[in-house]
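Under my numbering, read the sequence shown as residues 7 to 252, first letter to last.
Because the hints were derived from the structure by calculation, they are not lab data. Glycine included, C-beta positions come from ideal geometry on N, C-alpha and C. Among the hints, a few may not be true.
Claimed, not checked - So the derived label-pair ranges between C-beta atoms look like this:
id, residue 1, residue 2, range
1, Phe177, Phe55, 53 to 63 angstroms
2, Ser213, Leu73, 14 to 24 angstroms
3, Phe220, Met150, 17 to 27 angstroms
4, Pro18, Leu50, 40 to 50 angstroms
5, Arg16, His211, 42 to 52 angstroms
6, Leu196, Thr58, 39 to 49 angstroms
7, Val217, Arg16, 36 to 46 angstroms
8, Phe220, Thr129, 14 to 24 angstroms
9, Thr47, Thr21, 26 to 36 angstroms
10, Gly70, Thr47, 12 to 22 angstroms
11, Val157, Leu216, 14 to 24 angstroms
12, Arg16, Thr58, 40 to 50 angstroms
13, Arg16, Gly68, 45 to 55 angstroms
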Amino acid sequence: NYITTLVNMRAPGMTHFRMPLTVWSLFITAILLLLALPVLTAALTMLLFDRTFGTNFFIPSGGGEPLLWQHMFWFFGHPEVYILVLPAMGVTSDLLSTFSRKPIFGYHAMAFSMIAIAFLSWTVWGHHMFVSGMNPLLGTAFMMTTMVIAVPSAIKVFNWLGTLWGGSIRFTAPMLFALGFVSNFLIGGLSGIFLASTPVDIYIHASFYLVAPFHYFVSGILFSFFSSLYYFVPNMFGCTVSFPFS
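Given only the sequences and the hints, what does the whole structure look like? Please build it.
Below is the structure:
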């Protein structure tokens, strides 16, 4: 529905590169969902058959392969990270632009970086499996793709800072939450770079250092959720948002 609407039913004059970055992010997220969820569905169906009907897809005693579950789960699981964070990136981009009173810095670069993140997200799932005994050459390939995916993410952070620079900034509630997303995303991204390196990851895998970067991302996504709530609800319904902690 999202994909068809955005491809075929845009308003006259609304080209792809005039769409808000929020819409771009939802468009790309819809494509990721379309491709990622069937893989998880297949993995869960195979697991259900193993548990219920006596098949041996993942059970070693019957000739199954336990690592197949990890491959199928993480092939879904890593695009899922970007399914969560891409809408947050889109909303944050538009809100930083709105409350800096200037156009987003590097609009085309922001759109293409989201496309690059979506494409590369399919090539990095093996970095969750560095300690599974995979071939070191394969591990090196996943290490390189994981480092490469940091580039479009860094472009986004650079462009967010470029949007803020010289802007007439208003520190409204949505703006503060959007800045909270950028801060958490930056901390999670910088700390996560170390995990891309196979020699480092082998020693800190399953430690809280590995857990932390992902949760910085999730915390940032929650900040973005609140920023969109405080911004879009009054615009959509004409009433302000009030919480006990606000």
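To see whether the hints hold, each was checked on the structure:
For the pair Phe177 and Phe55, the beta carbons lie near 55 angstroms from each other, so the given range of 53 to 63 angstroms is met. Under the hint 14 to 24 angstroms, the C-beta atoms of Ser213 and Leu73, about 22 angstroms apart, fit the expected range. Range check, Phe220 to Met150: about 21 angstroms between beta-carbon atoms, so the 17 to 27 angstroms window is met. Range check, Pro18 to Leu50: about 43 angstroms between beta-carbon atoms, so the 40 to 50 angstroms window is met.
Arg16 and His211 have their C-beta atoms about 45 angstroms apart, which keeps the hinted 42 to 52 angstroms range intact. The supplied range of 39 to 49 angstroms is met by Leu196 and Thr58, whose beta-carbon atoms lie about 45 angstroms from each other. Checking the proposed 36 to 46 angstroms range against Val217 and Arg16 shows it holds: the Cβ atoms sit about 41 angstroms from each other. Checked against the hint of 14 to 24 angstroms, the C-beta distance between Phe220 and Thr129 comes to roughly 19 angstroms, which is consistent with it.
A C-beta distance of roughly 35 angstroms is found between Thr47 and Thr21, which places it inside the suggested range of 26 to 36 angstroms. Between Gly70 and Thr47 the beta carbons are some 19 angstroms apart, a value that agrees with the proposed interval 12 to 22 angstroms. Distance hint check for Val157 and Leu216: the Cβ-Cβ separation is about 22 angstroms, which falls inside the suggested range of 14 to 24 angstroms. A hinted range of 40 to 50 angstroms for the beta carbons of Arg16 and Thr58 is consistent with their spacing of about 46 angstroms.
Separation of Arg16 from Gly68 is about 52 angstroms and conforms to the stated range, judged on CB atoms against 45 to 55 angstroms.
Comparing the model with each earlier hint shows no violations; every hint is respected.
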